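First to last, the sequence lines map onto chains B and E. Here the first sequence is numbered in this note's numbering, starting from 1 and rising by one per residue. Here the second sequence is numbered in this note's numbering, starting from 446 and rising by one per residue.
Treat the hints with care, as some may be off.
Beta-carbon label-pair distances, calculated as ranges [stated by the list, open to error]:
#1 Q215/B / K546/E: 22 to 32 Å
#2 A593/E / H375/B: 26 to 36 Å
#3 K633/E / R207/B: 27 to 37 Å
#4 T347/B / D631/E: 53 to 63 Å
#5 A593/E / T229/B: 25 to 35 Å
#6 D477/E / L228/B: 27 to 37 Å
#7 Q194/B / D477/E: 53 to 63 Å
#8 G308/B / S487/E: 25 to 35 Å
#9 K633/E / H375/B: 20 to 30 Å
Quick caveat, the hints were computed from the structure, so don't treat them as lab data. Model, not experiment: these values are computed from the prediction. Here a beta-carbon is modelled for each residue, glycine too, at the ideal position from N, C-alpha and C.
Here is how the chains run, residue by residue.
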Amino acid sequence: MAAWGLACLAVAAAWCGVSAWTMHIHAGRLLRQDIAQVMQTMAAVPSAQRAAVIARLARNTPDGPYFYGYRTARAAAGPVPVGRVAFGWQTMHLSIGGSAARRVQVLALVWPMDGGYLLVARELREQRRLEQGLQMAFLGTGGLFVLLVLAFCRAIRRHYRLRLRCMAEDVERMAGGDLEAGLACAGHGDEFDQLARALDSMRVRIRQRMDDVRQVSSGIAHDLRTPLTHLRQRLDEAQRQCSDVDAYRGAVRRAISDVDQVLDTFSALLRMARIEHGQGREGFVPVDLSRLLSMLVDDYQPVFEDLGRRLDAHVAPGVYCLGDGPLLTQMLINVLDNAWRHTPAGTAVAVRLDRGADRARLVIEDRGGGIAAAHRAYVFERFARLDAARHTPGTGLGLSMVAAIAERHHIDIALTDAGPGLRVTLHIHLLAPPGRARSGAEPSR
Amino acid sequence: MWVLLIEDDVETRRYIARGLGELGHRVDAASDGASGLLLATSRVHEVIVIDRMLPRLGGMEVLATLRNASMATPVLILTALGDADARVEGLEAGADDYLAKPFVFAELVARLTALARRPPLRGVAPTRLVVADLELDLLRHSVRRGGASIGLKPREFRLLAYLMRHVGCVVTRTMLLEQVWDYHFDPKTSVVETHISRLRAKIDRGFGIPLLHTVRGAGYCIKAPE
Numbered sequence: 001m002a003a004w005g006l007a008c009l010a011v012a013a014a015w016c017g018v019s020a021w022t023m024h025i026h027a028g029r030l031l032r033q034d035i036a037q038v039m040q041t042m043a044a045v046p047s048a049q050r051a052a053v054i055a056r057l058a059r060n061t062p063d064g065p066y067f068y069g070y071r072t073a074r075a076a077a078g079p080v081p082v083g084r085v086a087f088g089w090q091t092m093h094l095s096i097g098g099s100a101a102r103r104v105q106v107l108a109l110v111w112p113m114d115g116g117y118l119l120v121a122r123e124l125r126e127q128r129r130l131e132q133g134l135q136m137a138f139l140g141t142g143g144l145f146v147l148l149v150l151a152f153c154r155a156i157r158r159h160y161r162l163r164l165r166c167m168a169e170d171v172e173r174m175a176g177g178d179l180e181a182g183l184a185c186a187g188h189g190d191e192f193d194q195l196a197r198a199l200d201s202m203r204v205r206i207r208q209r210m211d212d213v214r215q216v217s218s219g220i221a222h223d224l225r226t227p228l229t230h231l232r233q234r235l236d237e238a239q240r241q242c243s244d245v246d247a248y249r250g251a252v253r254r255a256i257s258d259v260d261q262v263l264d265t266f267s268a269l270l271r272m273a274r275i276e277h278g279q280g281r282e283g284f285v286p287v288d289l290s291r292l293l294s295m296l297v298d299d300y301q302p303v304f305e306d307l308g309r310r311l312d313a314h315v316a317p318g319v320y321c322l323g324d325g326p327l328l329t330q331m332l333i334n335v336l337d338n339a340w341r342h343t344p345a346g347t348a349v350a351v352r353l354d355r356g357a358d359r360a361r362l363v364i365e366d367r368g369g370g371i372a373a374a375h376r377a378y379v380f381e382r383f384a385r386l387d388a389a390r391h392t393p394g395t396g397l398g399l400s401m402v403a404a405i406a407e408r409h410h411i412d413i414a415l416t417d418a419g420p421g422l423r424v425t426l427h428i429h430l431l432a433p434p435g436r437a438r439s440g441a442e443p444s445r
Numbered sequence: 446m447w448v449l450l451i452e453d454d455v456e457t458r459r460y461i462a463r464g465l466g467e468l469g470h471r472v473d474a475a476s477d478g479a480s481g482l483l484l485a486t487s488r489v490h491e492v493i494v495i496d497r498m499l500p501r502l503g504g505m506e507v508l509a510t511l512r513n514a515s516m517a518t519p520v521l522i523l524t525a526l527g528d529a530d531a532r533v534e535g536l537e538a539g540a541d542d543y544l545a546k547p548f549v550f551a552e553l554v555a556r557l558t559a560l561a562r563r564p565p566l567r568g569v570a571p572t573r574l575v576v577a578d579l580e581l582d583l584l585r586h587s588v589r590r591g592g593a594s595i596g597l598k599p600r601e602f603r604l605l606a607y608l609m610r611h612v613g614c615v616v617t618r619t620m621l622l623e624q625v626w627d628y629h630f631d632p633k634t635s636v637v638e639t640h641i642s643r644l645r646a647k648i649d650r651g652f653g654i655p656l657l658h659t660v661r662g663a664g665y666c667i668k669a670p671e
């Protein structure tokens with residue numbers, strides 16, 4: 001603050017000095033202009049009348065502001081300096097008569113005229129007075145201006161301090177764990193609001209993640225509790241009731257399958273964490289989506305047949321996207337898996353890949369019960385099990401894996417009603433088909 | 446089969462060593478990387494199992510040292526990290542196979558057997574595979590049994606080729622998913638079972654003696670009748 005004050009003072013002092021100097025120069029120039037103009041007027045007077053005109057002027061304005069002196073061999077009028085007189089601009093002292101005889105310091109212009117000279121002068125006190133007046137005005141406005149600037153700075157500082165303090169309080173509250181209330185945003189649209197908005201979006205994301213964690217932990221607790229409870233019951237039962245080796249074997253086999261279910265859930269969670277942890281498009285390569293989907297359909301058509309269902313496919317050729325082939329394969333397998341699990345036997349699932357202008361459209365449509373509009377967002381959450389599916393086998397992670405992989409690839413998923421059934425639509429950003437040299441992209445390592 | 450097992454977890458070491466011992470295999474066990482490396486360089490094992498996380502000398506370092514010393518003994522890496530990056534890293538460092546914990550014992554045995562029986566000259570791959578009267582020509586992409594031509598879909602062909610390369614060995618569902626489908630996750634759908642049954646219908650049905658067998662609780666095996 002002291003440095004800021006000193007700097008202000010220095011600037012003000014420099015400004016005053018410069019303005020005083022400029023003022024001086026300028027006032028001098030003005031004075032000279034006036035004198036020169038009067039001189040020209042005098043020179044224009046016919047020489048015969050000059051002495052009379054000057055004598056009259058000197059008589060009429062004995063106290064200035066202009067003084068006139070005229071000396072030739074034949075005539076003399078007005079005050080002139082004592083001794084020899086040089087021509088041109090000069091500062092001198094004149095003894096003037098007037099109301100009160102006095103000696104004044106003047107700025108004079110002396111021109112040769114009519115064999116003698118003509119002198120036009122103006123009192124220097126005038127210039128000083130002019131300078132002082134101007135300086136007073138300048139200093140007054142300047143000082144006022146500096147004061148205003150200082151006051152303005154203080155006000156701004158106060159304003160920003162207040163806003164920063166508000167923000168700091170909000171952030172401290174967030175750090176303390178209260179993520180519910182948003183950050184106050186003044187609505188000025190300035191950088192502080194920008195910062196407030198950025199902090200607020202961070203808060204929303206943190207809260208979302210914390211909700212995720214909370215939901216996942218309760219999901220894990222719930223989903224692992226069930227198989228672990230079964231496991232415990234089975235082991236307890238085996239201990240109490242098994243009498244022969246075969247009975248024990250059966251109990252152990254069932255126990256192992258319970259443990260496997262727990263392990264499956266864990267590895268699915270780990271896999272998903274890794275997919276979500278993956279940054280940007282690192283490790284992405286051009287993928288021939290048409291080929292990937294065709295191979296998948298070839299593999300799954302007999303599977304669907306064995307499950308008493310049908311898989312119909314229409315795949316547009318030459319659709320490429322940037323991505324991770326194995327992940328995309330897993331995503332599509334999970335969608336297909338979901339389709340047959342929730343549809344009655346004897347129905348068909350249709351897969352269709354179309355090429356759009358900048359995005360490909362992949363539709364997987366079944367003829368099952370569909371998902372009520374209210375539940376459509378919910379099914380992508382971890383451990384989401386709609387009541388109808390609560391007792392079917394599965395980890396409840398299949399579609400959240402789909403969502404994670406889709407998000408990684410910037411693929412938009414939409415669930416709509418296929419009337420009847422569920423239609424899953426994936427919008428995938430297209431990639432121009434790579435040249436032959438790079439066409440090795442396929443669902444392999 | 447003479448197996449070297451380098452694993453620091455006492456429970457897992459005991460589990461594997463006892464299991465392999467019961468199957469009649471000979472097992473040397475080490476509990477850390479340095480003593481494992483010493484054992485590996487002093488005896489000739491048919492296959493080495495290395496845990497990735499080892500005290501004193503990490504599993505990947507042991508593997509790198511072995512490969513730098515031009516030891517070509519097949520190595521299977523065991524790991525708690527089952528993700529794709531760790532697997533690729535392991536395979537690039539010279540491992541022959543990769544198995545994530547927890548695993549089913551039959552899976553480990555099947556993989557070790559496949560590794561131990563791998564021909565030492567891996568560069569020269571046969572172009573024709575024969576099991577009894579079943580012939581598979583890798584160049585012509587044709588399959589014949591008893592002189593009759595059998596039409597297989599591409600995936601069925603790959604599946605049969607993999608099974609025939611491991612004739613007499615048990616191959617597990619996971620091995621098939623990894624090697625034939627390139628799926629490094631469990632698709633939870635009977636894709637392997639379905640294709641095996643289609644393949645069986647094509648190569649075994651109507652030929653009297655079945656060649657493709659299901660090994661209960663372990664996997665599948667193609668073998669000639671004894």
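Tested hints:
no.	hint	in the structure
1	Q215/B / K546/E: 22 to 32 Å	28 Å, holds
2	A593/E / H375/B: 26 to 36 Å	54 Å, violated
3	K633/E / R207/B: 27 to 37 Å	33 Å, holds
4	T347/B / D631/E: 53 to 63 Å	25 Å, violated
5	A593/E / T229/B: 25 to 35 Å	55 Å, violated
6	D477/E / L228/B: 27 to 37 Å	33 Å, holds
7	Q194/B / D477/E: 53 to 63 Å	56 Å, holds
8	G308/B / S487/E: 25 to 35 Å	59 Å, violated
9	K633/E / H375/B: 20 to 30 Å	22 Å, holds
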